[in-house]
Structure formats: structure tokens, C-alpha cells
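K.L.:
Fit chain C to the given chain S structure using the hints.
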Amino acid sequence: MTQTQAISLTVNGELVSANVPVRRNLVDFLRGDLGLTGSHVGCEHGVCGACTVEVDGTMIRGCLMLAVQAQGSVVTTIEGLAENGRGQELRDAFEARNALQCGFCTPGMLASALEYVEAGGVADRAAIREHISGNYCRCTGYQAVVDAVCDVIEKGVGA
Amino acid sequence: MNEPLHLFDRPNSYIGRSVPRPDVRRLLEGRGKFVDDLQLPRMLHAAFLRSPYAHARIDGFDLEEARAMPGVVAIYTGADFVEHVTPYVGTLTHLTGLRSAPQMPLAVDVARWQGEPIAMVVAQSRAEAEDALALIEADLDPLPAVCDAETALDAGTPVIHEEFGDNLAWERLVDAGDVDAAFARDDVTVVERTIRFGRHTGVTLESRASVVDYDPSEGRLTYWYSGQAPHMMQSVLAKHLDLPEENVRVVAHDVGGSFGIKIHTYGDDVATAVAAKLLKRPVKFVADRNESFLSDIHARDHVVTARMAVDATGCIVGLDFDDLTGIGPYSMYPRTSAIECNQVLNLTGAPYRIENYRARGRVVFQNKNLMCQYRAVGHPIAMAIADGLIEDAAATINLDPVEIRRRNLIADDAYPCTSASGMKFDDLSHHLSLDRLIAEMDYAGLRADQAAQRDNGIYRGIGLVTMVEVTNPSPMFYGIGGAPISAQDGATIRLDAGGALHASSSITEQGQGTNTILAQIAADVFGIDMDRIKITTGDTDNVPYGGGTWASRGAGIGGEAMLLAAQALKEQVLDVAATMLQADKHALDIRDGLVVDAANQAERISLRDLARTVYYRGNELPPDCKPELIATRHYRVTDFPFVFTNSAMAAHIEVDIETGFVKILHFWAVEDCGRVINPQLVDEQIRGGVVQGIGGALYEECIYSDDGQLLNATMADYLVPMAGEMPDISVVHVETPTKTSTLGAKGAGEAGTGGAPAAILNAVNDALRPLNTSIWQMPMTPERILKALGRV
Chain S
1 MTQTQAISLT VNGELVSANV PVRRNLVDFL RGDLGLTGSH VGCEHGVCGA
51 CTVEVDGTMI RGCLMLAVQA QGSVVTTIEG LAENGRGQEL RDAFEARNAL
101 QCGFCTPGML ASALEYVEAG GVADRAAIRE HISGNYCRCT GYQAVVDAVC
151 DVIEKGVGA
Chain C
1 MNEPLHLFDR PNSYIGRSVP RPDVRRLLEG RGKFVDDLQL PRMLHAAFLR
51 SPYAHARIDG FDLEEARAMP GVVAIYTGAD FVEHVTPYVG TLTHLTGLRS
101 APQMPLAVDV ARWQGEPIAM VVAQSRAEAE DALALIEADL DPLPAVCDAE
151 TALDAGTPVI HEEFGDNLAW ERLVDAGDVD AAFARDDVTV VERTIRFGRH
201 TGVTLESRAS VVDYDPSEGR LTYWYSGQAP HMMQSVLAKH LDLPEENVRV
251 VAHDVGGSFG IKIHTYGDDV ATAVAAKLLK RPVKFVADRN ESFLSDIHAR
301 DHVVTARMAV DATGCIVGLD FDDLTGIGPY SMYPRTSAIE CNQVLNLTGA
351 PYRIENYRAR GRVVFQNKNL MCQYRAVGHP IAMAIADGLI EDAAATINLD
401 PVEIRRRNLI ADDAYPCTSA SGMKFDDLSH HLSLDRLIAE MDYAGLRADQ
451 AAQRDNGIYR GIGLVTMVEV TNPSPMFYGI GGAPISAQDG ATIRLDAGGA
501 LHASSSITEQ GQGTNTILAQ IAADVFGIDM DRIKITTGDT DNVPYGGGTW
551 ASRGAGIGGE AMLLAAQALK EQVLDVAATM LQADKHALDI RDGLVVDAAN
601 QAERISLRDL ARTVYYRGNE LPPDCKPELI ATRHYRVTDF PFVFTNSAMA
651 AHIEVDIETG FVKILHFWAV EDCGRVINPQ LVDEQIRGGV VQGIGGALYE
701 ECIYSDDGQL LNATMADYLV PMAGEMPDIS VVHVETPTKT STLGAKGAGE
751 AGTGGAPAAI LNAVNDALRP LNTSIWQMPM TPERILKALG RV
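Chains S and C, in that order, give the protein sequences. Note that the first sequence ends on residue 159 in my numbering; no numbers are left out. Note that the second sequence ends on residue 792 in my numbering; no numbers are left out.
Isolated chain S (complex conformation):
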């Protein structure tokens, strides 16, 4: 239970070294150890998508990966995206469309939307809805999120 392990990884462009309990999951490590509280914890069993972060180029659930599994990885969180400007068109579109209300799902929703846009996804409402169906939002009803993703794709600036 109390066993720890040393890890080092790159988080938002910074090299990070830490001694972490082996049972600690990645999102708890990011939030609690590194103070990167932009990633949120919603269900802790991989369903809600609020903890979605990028690990080595893939969007993953931060609650389903242990911190020790991220040894040597490159991790990007919502703070890192904001800092380097990646996904700015999506953030602008989310603001313009009011594609967020309370903002708790937003880090994960943005990550999934960015994954879709960067993969060259088309402005097909059903396909976008399908892609973000792993991200639970209780506030918006999702339509504004779909609108925002379509806006970015139709402007041709996202990918």
C-alpha cells in the first residue's frame, strides 16, 4: 500500500521527477503532486472522461493509468495546451458557442474534440457526437459542443 517508486516524465514540456506511491493514478499525480488541477476527477472508473489527458500522443483516461506507468512519457494537460496555443481555435469556438457551462467536463471534452479535429475529422454531426460520447456533460446537452467542433472544421483552421 505504501510502496513508492521513482518516476520521471515530461509534463507540459517540463521534465518532472517524483517518488510516487505505486497505487496513485495519473490524474491524482497531476492534480495533487504537480498542482495541475485543470484535469478533473469525475467518476474514477473511466466512464465520464473528465480526466482525459494526452500521453505520448494519445488521449487517455487519467484515472485508468497509474502514475508509475507514465514513466518516460510525454504528458500534456489542458494547462499545457493553453500555454502552447494548441487547440486555440477550439477554445475560441467553445467560448463563442457557449459549449461549456460549469466547465468541469471541459478539459476532457476539449481533449476529445481536439483529437477528432487533429485526426482530420469531418464536420459530420453524428460522427462528432459519436466521438465525444465518452465525455459526459450534464449541463449543455452537447449541441453547442458539436456546433463548436463543426465551426472549427468548417473554417479549416483546426487540423
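What the hints contain is simulated information worked out from the structure, not anything from laboratory work. Every value quoted in this text rests on a predicted model; they were computed, and no experiment measured them. Incorrect hints may have been included.
Stated by the list, open to error - Here are the simulated lysine to any residue pairs, SDA-like style, with alpha carbons at most 25 angstroms apart:
{"hint": "1", "chain 1": "C", "residue 1": "K33", "chain 2": "S", "residue 2": "G32"}
{"hint": "2", "chain 1": "C", "residue 1": "K787", "chain 2": "C", "residue 2": "N772"}
{"hint": "3", "chain 1": "C", "residue 1": "K663", "chain 2": "S", "residue 2": "E130"}
{"hint": "4", "chain 1": "C", "residue 1": "K663", "chain 2": "S", "residue 2": "A127"}
{"hint": "5", "chain 1": "C", "residue 1": "K534", "chain 2": "C", "residue 2": "D609"}
{"hint": "6", "chain 1": "C", "residue 1": "K585", "chain 2": "C", "residue 2": "L7"}
{"hint": "7", "chain 1": "C", "residue 1": "K663", "chain 2": "S", "residue 2": "G134"}
{"hint": "8", "chain 1": "C", "residue 1": "K33", "chain 2": "S", "residue 2": "G13"}
{"hint": "9", "chain 1": "S", "residue 1": "K155", "chain 2": "C", "residue 2": "G724"}
{"hint": "10", "chain 1": "C", "residue 1": "K33", "chain 2": "S", "residue 2": "G85"}
What the hints assert, rightly or not - So these bits of chain S aren't anywhere near chain C, every CB distance computed over 12 angstroms:
{"hint": "11", "residue": "T2"}
{"hint": "12", "residue": "I7"}
{"hint": "13", "residue": "N19"}
{"hint": "14", "residue": "G57"}
{"hint": "15", "residue": "Q71"}
Even glycine gets a Cβ: it sits at the ideal position worked out from N, Cα and C.
P.N.:
Using the frame of chain S, we list chain C on its own:
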């Protein structure tokens, strides 16, 4: 040209415009401030042992092993708190006869639902607290559990609170006109149905969370929480922890969804405050998802038997129903668990002219999690009863469901008027809204498509609802009954030395855009760019006293207070300007941050220069000029108990009769919430509300075993609406401003959740009608639809 500009048609005219929210950039960049983001020095973490049984006597605990675990600072059981917190009882005097038993944050002798907190560990980390929790030996003796609301009142059923003699918490009867005579008429057609509404819950993505700090040197308790009513919680904590109210500060920064879930008094939150007070250091508690399902209030859980009599022309002659609702073992504190049933009795059939109306409501105790107010309290039940029966009756007498509504809806020019249940209505637009709905959805076209598709073996359905929504409640809602819940709200607005405005309000932001509309109103009324306004909400130390944001009251009540405060500050600033400029005050105006000549807009002095003169160079002002660059105003609704809105909504769905799955093809909502301050924000409130209503209608259900075990307390097993299943939703506004305020705004937050279930129910039954079956149970799961079809 000399006509003065109307308040809503001036430069900086933000009211009525879809202004983007100034505060979302933070959330988009990961800079939100949610409770779990807060880390304080020396902060400890709480975890709770919860009763594994629905009903059990607590015979004792063996805490020895748990206490020895690393990181453990304290362990408490119910007995440890008896001297440190007073019990609370969820009753209100205006709900005559309502009874409930005293509740403690940790159950003392008997646990009465699965999930009730019975012990608490406080440790250096949450993980260590949970490690210790697993080693607590609780000696529990299971007792018979009362789970089925329908047998809770039977003679042989065990009584949960012995002192009451039975499991009845509250009963109310409304009887208007002569219902028996109406149903006995020989020219009426009667439809009768039993409608079941399952339990569901809020599933806020941010779970309930609190961080509590106690400073013994000043006797001050600070409670950071994710919630909707800071002043109510201030009063509750002060009273039950025996602190002066002014020594309790409640702060709500960002709130990750609430929907009514986070407006109640929860034992784990109170226990966290008690622990912080006893330990004299910060303690954090964040419910995990399992705890959320087991302890966040549940909603609905009604069984209704209802009948409606209509004459040959489709006019409603009588409505008669019985509502039975199970609320768990206690009435929730301090809002009570009888309000939903009360609303059902008040609101059923309210859009229609009904003279003969009888409704009985019974609220019963059971050994399940507590039921209480969740978004659209009572509305989904009330609307499904009346609109379910009205479409049932229409089909029975072969009348179109739109036409039967037109024959029964209260005329748009008939207001003010009073319903059979005593509700007072004004400024409603049922007919206009229904007409707009029919045009927007192309009703005739959909009916033609429906007929054509049936020939192809495709079963599509169209369902409507015409409804009212309770908004802007007066003190008649809670305050009259003795609850520490304010129906008035305050706004303070001040001009700073830089020429910007700082405004604070007692309503709260949970994502609906409260802070945005407050800035829109203040900027518009005062005459300044919105960028120059900073808004503060959610902090009892720093905002005027008021109720918070719930019951669709924020814009209508808090918004009006802000309008009045901005008007007052403008007058005060113009008084100072007139003195400084030696001008006639009435010849001056404020536009875009400048004091100008009202006649020609010529700049006279900037607000910055005016403020700097007042704050730094008061020597330049005459001695009798005593500037006040701050104003506070409060507002409450006085003319009516509630300010009602109305909506007309429709669902277009397709039932797969092989699988029982329902696909929603489209949804329309025509909403009249009075003056619309920000159309985009209102649209999104309606859409989000509709989706929550769809959840209750089709997916969401807290499924209990016969012995009171919640069987689906994970997000994998409890189905919520996800993007893939949801339709696009068209929103149309009709604006009939309320005459009760200058702003004219009513609420918009709950209509979608209140109306969508009835529209979906009607649409599904419309699709099933050619198969000669119907369904009257929510959620309408595939299994239940297949059962209705006789296929399983």
C-alpha cells in the same frame, strides 16, 4: 429625437444580446477553482464508513486496528458528535402536518439507508483515510427494510420511526369544484392510467465537496463548498455547530454542476465541519462517485393513479389523481422532501381551464436514500399526468392532440387568473407559444411522414407538452415556513478609482452564466463597457445577503436587484458630476464610461477623472458635496407567490419495435421566460434542461433490490444521456415580460427538465398507438417497451 432612450435600447445595451461569458476563458485554460483544487496548509482528508444495510441497529465499533493505521489523525462515530452538533429536522410549518425525525451527521443508534454515514476517518491523505476505513469493525444488526413506497403504509409494514406509529410523512388534499359530479356525467369520456416515475439523481460531474477550516483564535469557521445557497449554509452550520452566524463564512467558487443536488444539508459535509472545528485545522471531503449515488439526494419516485374526464368536444370536465411518493427515511433539511409532492398538487393541469380538480398527495418514509428537490421539482410528474392524459383522451375521442390543447389552454388574454389549485398566473402565452411550436416543427409535415413511415413498418411518434414553470419564488416558498432561506437578493455596485465598476450579488454561478448576466445588466443600466465590470458572487463575507441560485430565481430576482443598484449608482454619480461640472443633473447622462451631455452625447468628464477627484482630491469639491460612489439595492417578488413561465415543447421519436429502443429524431422548445437577457445562455439552459428531462424519461434510474441495496451505483451502470443519443434541439423564444419587475425577466433554468419527459412519453405512446399498446412508466427502457408490446 427628443424621446429619451428606453432602458433597454441605449449605448452599452447588453440586455437582450448574446454576449459571450467573460469568465469561461479560465475554464477553457484549466484555471477553474473547484473545491477539490484547493490545497491548504495542514489540511487533512475525510472518508466515511457508510451503512452497508438499508436498515440496521448500530451495536458498536472496534476501531483499534483502524486507529493504528499510518496517517490517521482521528476517527469519529455518531456518539462522538452528540455533544458537538445539534440534530436537524426537515420540517416547515407551512407544510401542515409534515413530520420527520431528528437527523445527525453520523447515524447514532440506527442506520436507515444503505449509504448513510456511520463513522468517519480523518487522515493525512484520502487514501490513508480509506485504508483505515477498511479496518473498522462495525457491529451492525440488520433490521427489516421498508423499501416499497406502495406498501409502506400497510398495516403489516415495519415502522421506520416508531414514535410516528406509521410511515406517513405528509399528506395533502386539494378538492375544487365537484369532481364526483363531473365524472358521473353521462356525456363524458374518462381515461384513467397509473403512471410510475422511477428514482433518478443529479449526477453532477463535480461531486459534492467541502473544505472546512476553523481558526480557534477568532472562533471563525470557513466553509468552501460546491453549492447554490451560501447564506443558507451559513445559517445551518452556525445553528448546528453553535457558532455565531457572523463567524461562519461560506465560499462557493466554481461549482461543477448542481441542479438542486448541492442545496441541501448532508451529514458528511456537516461532519467535515465538525471535524475541522474539533481538530482546529482544515479538513477536505470530496464524495467519490459511489458515495454520490448513495448519498446525493435522489429525485421523483412517484406512483400516480389519475383520471381525466372530457366532454364530446374535448373540453376537460374533471381531473382527479392520487400521488404517492417515497422520500427515504427522513425529510431532507432544511427544504424538506414534501415540496415535490406539493408542487405536483399545485401544478398538474395548471395550463388548462379545469374547474373540477381533486388531488391527493401522500409522502411516505422508506429505507432508501433521501429524496428531495432536484431540477424542475415536481414538474415532470405534474406535466406527465396532465399532458399524458390529455393526449390519451384526445386519441380516445379521435381528436388531434394540438386541437384538444387549443380547446383547453387558458386564453392568452385571460390573465391574471387563478387555477383550481389556487396558483395565480399572469403574463402567460400558451396559445401563442403553441402556435409558434406547430409552425416551427412543421407539425402537418411530420404527421404526413409518420403515416407514410408506418406503411414501411417504421413507428415514429410525435408528442407534445404545454406547461408552466415555477420561477422567481416569493417568501411564500420557504421563508414563510421557517427555513433560513432568503427569497430576496441584494446587489452592491461601486465605482473604483480607475473608473471601473465592481459589483457583487447574492445569487450564485453554477455555469448557467449568472456572472455574465449580472455584468450585462449593470453595464447596460449604468452605461459602461462590460469589460470594465468585475463581478463577485458566492462568498458570504463579500456579497449582500440573499438566497442564491435555485428555483429559476437568479435572473429574475438577483438580476432585478442589480438593475436597481446600477440605477441608484448612476444617480449618485450624476449628482457628483453635476456639482463638479456645475451642470443640471438631468442634462447629463453616462455613456460608455463617460459623463456626457444627454442632449448631444458630448463628453464632459470621464468616470475615471470623476472618481479620482472624489477619492484623491476631495479638496476640490464643495464641503456639502458628500459623494457616495457605492449603492446597494435588494429585491423580492411581492405581487405573486411565484412568477410562472410557460412553454410548449415537442418530441419526434422512433421506436424500434424489435429491440424496444427509442431514437429521438428532434426536439423543439418554445419558451416564454419574459425578458431574455442573453438569448444564447437561455437557449443553452433550455437545451441542457431538455437533455436532463430525456434522461429521466428514457435512461436514468436508481435501481434498488427488495432489501434496499442500490444495484447500479456506478456511471457504467446508471445510464445518463451522452452525446450520441441526444438530438439537436430547436429553441424559440416568446417574450412576455413579467409586470412584477422593471427587468421583466422570469426564470428559464428548469423548463426543459420539467417538460421533456411528458413530451417523450406522449411521443412514445403516439408511436405505439397503432400497435394498440402504451407505456406509463419512466424511464421507458427497451425492456419495458418490449413488455408493453408483449414481446418479452
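K.L.:
Work down the list of hints and note, for each, if the structure agrees.
P.N.:
Hints, one by one, checked against the model:
A distance of roughly 14 angstroms separates the Cα atoms of K33 of chain C and G32 of chain S; the hinted pair therefore holds under the 25 angstroms criterion. Proximity of K787 of chain C to N772 of chain C is assessed by CA-CA distance (about 13 angstroms); at most 25 angstroms being required, the pair is judged to hold. For the hint linking K663 of chain C to E130 of chain S, the alpha-carbon distance of about 14 angstroms falls within 25 angstroms, and the restraint holds. A threshold of 25 angstroms between alpha carbons decides the hint, and for K663 of chain C with A127 of chain S the separation of about 16 angstroms falls inside it, so the pair holds.
For the hint pairing K534 of chain C with D609 of chain C, the CA-to-CA distance comes to about 19 angstroms; that is within 25 angstroms, so the pair holds. A distance of roughly 18 angstroms separates the Cα atoms of K585 of chain C and L7 of chain C; the hinted pair therefore holds under the 25 angstroms criterion. Straight-line distance between C-alpha atoms of K663 of chain C and G134 of chain S comes to about 19 angstroms, which keeps the hinted pair within the 25 angstroms bound. Between K33 of chain C and G13 of chain S, the direct Cα distance comes to roughly 23 angstroms. Compliance with the 25 angstroms bound is thereby established for this hinted pair.
For the proposed pair K155 of chain S and G724 of chain C, the alpha carbon gap of about 24 angstroms is at most 25 angstroms, so the pair holds. Annotation: proposed proximity of K33 of chain C to G85 of chain S holds, straight-line Cα distance about 22 angstroms (limit 25 angstroms). In this structure T2 of chain S is not separated from chain C by more than 12 angstroms, as the shortest Cβ-Cβ distance comes to only about 7 angstroms. For I7 of chain S, the non-interface assignment is confirmed: its Cβ lies about 17 angstroms from the closest Cβ of chain C, beyond the 12 angstroms cut-off.
Distance check on N19 of chain S: its Cβ is at least 15 angstroms (rounded) from any Cβ of chain C, clearing the 12 angstroms threshold; non-interface status holds. With a cut of 12 angstroms on Cβ distances, G57 of chain S stays outside the contact zone with chain C, its closest approach being about 19 angstroms. Remark: the non-interface label on Q71 of chain S is consistent with the geometry, its nearest Cβ contact in chain C lying 20 angstroms away (cut-off 12 angstroms).
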